[in-house]
Amino acid sequence: MKRFASAWRGWVAFTSEKESPTVLAIFRILIGLCAIGSLWSAARAGVVDAFWISASDGGAMRLTATRLIKLFGGPTHDVVWTFFAVAMASAALVTVGLGGRWPALVASQSYAALTDLNGNTAGGYDAMIAIAFFILFFSRASTAFSVDAWRNLESPWADAPEVPAWPRYVLIFQMIVIYFMTGLQKASPVWTPVGGYTALYWVYQDPTWRRFDSELFVRGHRLLQVATAVTWHWETAAPMVLVWYWARRTKDRAGRIRKRLLAWDLRKIYLAVGVCLHLGILLTLDVGPFSLVSLSFYPLFFTPDEVEGFFERVRRIRSRASAA
Amino acid sequence: MLPLLRTVATRLSGAWPHIRAGLILFHLLAVITLSLPGRGFRNPRVWQTRVVKTDLADWSRTLGVPPDVLAESLQSVAAGWSKTRARLAKPFLRYASYAAMTQSWSMFASPQRNPAELHVSGDAGNGMEPLYRPQDESAQLLSGFLDHNRVRKFRGRFGRRTPGKTFESFAAYVAKLACRERADLVRVEVALWVYRSLPAQARERGDVPEGAYENRRKYECEALR
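These protein sequence lines are chains G and B, in that order. First residue of the first sequence? That's 851 in the numbering used here, and the numbers climb one at a time after it. First residue of the second sequence? That's 6 in the numbering used here, and the numbers climb one at a time after it.
Rather than coming from a laboratory, the hints here were simulated on the basis of the structure. Note that CB positions come from ideal geometry on N, CA and C, so glycine has one too. Misleading hints may appear alongside valid ones.
List of simulated lysine to aspartate or glutamate pairs, EDC-like, C-alpha gap at most 20 Å [to be verified]:
id, chain 1, residue 1, chain 2, residue 2
1, G, Lys1101, G, Asp1115
2, G, Lys1101, G, Glu867
3, G, Lys868, G, Glu1012
4, B, Lys170, G, Asp907
5, B, Lys223, B, Asp128
6, B, Lys158, G, Glu1156
7, B, Lys158, G, Glu1012
8, B, Lys181, B, Glu209
9, B, Lys158, G, Asp1115
10, B, Lys181, B, Asp128
11, G, Lys1101, G, Glu1156
12, B, Lys158, G, Asp899
13, B, Lys181, G, Asp907
14, B, Lys158, B, Glu134
15, B, Lys181, G, Asp1115
16, G, Lys1118, G, Glu1158
17, B, Lys158, B, Asp141
18, B, Lys58, G, Asp899
19, G, Lys920, G, Asp899
20, B, Lys170, B, Glu194
Over the 12 Å line for every Cβ pair with chain G, so calculated as not near, a few chain B residues [unchecked claim]:
id, residue
21, Thr12
22, Val13
23, Ala14
24, Thr15
25, Lys95
26, Ala121
27, Ala176
28, Val191
29, Arg192
30, Glu209
31, Glu225
Excised from the complex, chain B in its bound form (with noise of 0.2 Å):
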């Protein structure tokens, strides 16, 4: 039994190099097809966002085609190429999971043309005061809670789609901790403030974005704390 076991492990050991580089690069196609681009395509709400609305505006002013034919071309090969990804990438998907190696790499692909700040604020019985504006000195309430980056990530999803379930959870967590935050409170309003950035040349004119509310939401404070 002994010679046995020596033997195979001596073949093991003169194989391990090879199963090693095999191993390796299984992860290296691994990170290059899970890093491939076009994982959400197929989902036809992406194509109904705000900001991907924008840039087909915009490619289809450039190309002179119609944003309807420009969008329909688009989804199709996207459609396509979102099949080949999935089968391309099946057989890393478990590796991934377990391996705790996402590979997704969509940083700042499509900068919002939209934003939507966050407003929150409050009534201590005198009327509405801002509670919460992004980079307004005078209004930081939970600063350091909303101005966190995963926080920013987080608000910024409300420009370039519908906030929908999302945002009402959301707005009334703030809510709640602006009631705790603030005794005096006894209302809070949570809200987007939505706006179209302007281009350099008409802010160098003095001219302002002009912004509407959308998603206002009302908490009484007594029924938080």
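Next up, chain G with everything else stripped away, as it sits in the complex (with noise of 0.2 Å):
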């Protein structure tokens, strides 16, 4: 009962620290811009009006209604295009932070009210944006970085108060949680030594994602059975990124394995890993905007001294530059 309460009193101290809101206003604008982006393709290749809107009313099947498009009317085509406004509107007002944060939550219900509506066209992304929105409804990341900042404290890029640290938590356990399940779930034994971790040339085979056809995906399949293996291996020991975490905030105690787990940042390694990977795909798969979204949650693995350090040092760098 005692170490039940300590252990409490623990979680209740770590979801009650503060910090600057900088790393998550800089995620609020990258995935603003992410939602926005993804709206706005899926709006010009006319896939709103193919996949989101009701055959009856013109689209390609018939659709579901998600609960909100239910509740506004189905998914006809003036309903599914309101939504898809006010989606929009929302997303931009959280990219440049006004309004608070009840866009936000209105971004995150929108949003995943018009990609819901036909699960066979949504993709992993997708529900990476809404949760986001979700989160960033509780998180006051419009005070930094935004017009907020700017109508409160007279710059948008003034040193706004503290805010919850928690939503930052979240959103990195939740992206650590993507890829270990992500990973998990590759039960094909193609992506295993068993299949000789061939699922990256048979990814590049078939049409539906890759965005060119090349001789190199064939001449290149050694190549292709290491990205195989190291993409495998990297997503199922994603929880390792939690154990630093956890090996860093207690560096004080003892033990060889803390030590060891500390010698190096291995949260930097995993993403400079997470980085190439995600580069490879978006250079040669179409996938949407699933690797910009991922890569929008990077910056969120690092605290905000962190980050203000490197903005820091790019500054002395760039104003040495400049002297010589």
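Make the complex out of the two chains shown on their own, each in a separate frame, by following the hints.
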């Protein structure tokens, strides 16, 4: 009972931590831009009319309305395009940081209401965007690098008051779960040594996702085997990042394993591999804004102090370069 | 009344960090539980898809177990797990629905080894000509729509499972778009070109995948315009 009480007190203290809103603000802007891009691209390609409007109103097929769409009259042309406008507008407000937290909730609900209309055209990135907006609703991320900051503090770049840190922690956890569960569900033998790590070779033989056909995907199949192995093992190793965070938080405690874990910044190594993987996906596969959405989450893995320290170092290098 | 309200407010503000910690824990448990794989395991049609059959064949070869025995064992385990998962997820479903936090992270779980390419052909009075073929620069009608990532995802399902009514609706829609895009078309055909991808060694030899058309649908443009 004592241990439970102590653990609970530790959990309450952890979830009560506060920090500068810098990182959450950067994430807010990136995810807002991703959402706007996703919606705009769907509209431009005719996807909204085809897959989010019911056949009775000119769409390609019959649809089952999502809860909110049903409330407003079902997936008709007018309802869907109204939701589209609301999703775009709220995503834009989130991006520029105007209107406080409420645009984030509206963006989350309207974006999910649209993309859930047709599960056959929804991607993992849609869920990530909706979840991101939902957590941003609780985060006060619009208090920095925003129009709200400009109005309240006379500058969008002014030092904003501290905000709760738990939304950032929750989003890190979410990202780790995404990677781990994606790896866990790669049950086909081609992802494993049993299948010769040939999964990516098969992906590139299928025109569904690849951006272009090339002999390189055949001649380079050994490289694709390496890439397959790296991808799968990297995804299933995601929880190690949480273990590293735990080790860092408790670095004052003794322990050889803790010391070994902290010998390197495992988090940076993990994210560096992730950047390479996502850039590879971005260049060779068309899976929508999935890579951009995923990379938007990466700044969250760093504390505001680390990010602000990075920008300070860049500023110093630039001023040294211009002085020289 | 006022002192009582002040007492309640003070007590609540003292309790708030604990309430918040509890809510955050609930959210994290929801994330873990709802992202556990196995939502579709109980659906018998899932086990009949081309992709699952191919994977089962590979596993049975590796493990030295007959495919039907392996399939039966896995289905039994999967059904049991699926029930457990549903029980674990139940307390979080309503929250996930209202919070718009779908947790479905099955991405490229089983690469398609039997792709089904969408082919659109049209007759402008001179016989059928290709209008759209994936990654064929000479046949790119409606490529802005058909090559969009959401439509790619939609098209990808036709290789994994029986196309059915969804393909019928989609094919009719594509035919309508083609007829409107090209005023000279008299009829349009939408079909799936299905083939088995070849392993690297066969491709290096110069072998070409052999395919066949499935689910051919023909439409008269006059009726669609």
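Each hint, compared with the structure:
{"no.": "1", "hint": "G/Lys1101 <-> G/Asp1115", "result": "13 Å, holds"}
{"no.": "2", "hint": "G/Lys1101 <-> G/Glu867", "result": "18 Å, holds"}
{"no.": "3", "hint": "G/Lys868 <-> G/Glu1012", "result": "6 Å, holds"}
{"no.": "4", "hint": "B/Lys170 <-> G/Asp907", "result": "18 Å, holds"}
{"no.": "5", "hint": "B/Lys223 <-> B/Asp128", "result": "11 Å, holds"}
{"no.": "6", "hint": "B/Lys158 <-> G/Glu1156", "result": "38 Å, violated"}
{"no.": "7", "hint": "B/Lys158 <-> G/Glu1012", "result": "42 Å, violated"}
{"no.": "8", "hint": "B/Lys181 <-> B/Glu209", "result": "40 Å, violated"}
{"no.": "9", "hint": "B/Lys158 <-> G/Asp1115", "result": "37 Å, violated"}
{"no.": "10", "hint": "B/Lys181 <-> B/Asp128", "result": "14 Å, holds"}
{"no.": "11", "hint": "G/Lys1101 <-> G/Glu1156", "result": "18 Å, holds"}
{"no.": "12", "hint": "B/Lys158 <-> G/Asp899", "result": "16 Å, holds"}
{"no.": "13", "hint": "B/Lys181 <-> G/Asp907", "result": "14 Å, holds"}
{"no.": "14", "hint": "B/Lys158 <-> B/Glu134", "result": "26 Å, violated"}
{"no.": "15", "hint": "B/Lys181 <-> G/Asp1115", "result": "56 Å, violated"}
{"no.": "16", "hint": "G/Lys1118 <-> G/Glu1158", "result": "16 Å, holds"}
{"no.": "17", "hint": "B/Lys158 <-> B/Asp141", "result": "19 Å, holds"}
{"no.": "18", "hint": "B/Lys58 <-> G/Asp899", "result": "35 Å, violated"}
{"no.": "19", "hint": "G/Lys920 <-> G/Asp899", "result": "17 Å, holds"}
{"no.": "20", "hint": "B/Lys170 <-> B/Glu194", "result": "17 Å, holds"}
{"no.": "21", "hint": "Thr12", "result": "22 Å, holds"}
{"no.": "22", "hint": "Val13", "result": "21 Å, holds"}
{"no.": "23", "hint": "Ala14", "result": "19 Å, holds"}
{"no.": "24", "hint": "Thr15", "result": "17 Å, holds"}
{"no.": "25", "hint": "Lys95", "result": "18 Å, holds"}
{"no.": "26", "hint": "Ala121", "result": "9 Å, violated"}
{"no.": "27", "hint": "Ala176", "result": "9 Å, violated"}
{"no.": "28", "hint": "Val191", "result": "22 Å, holds"}
{"no.": "29", "hint": "Arg192", "result": "20 Å, holds"}
{"no.": "30", "hint": "Glu209", "result": "6 Å, violated"}
{"no.": "31", "hint": "Glu225", "result": "19 Å, holds"}
Checked against the numbered hints given earlier, the structure breaks hints 6, 7, 8, 9, 14, 15, 18, 26, 27, 30 and satisfies all the rest.
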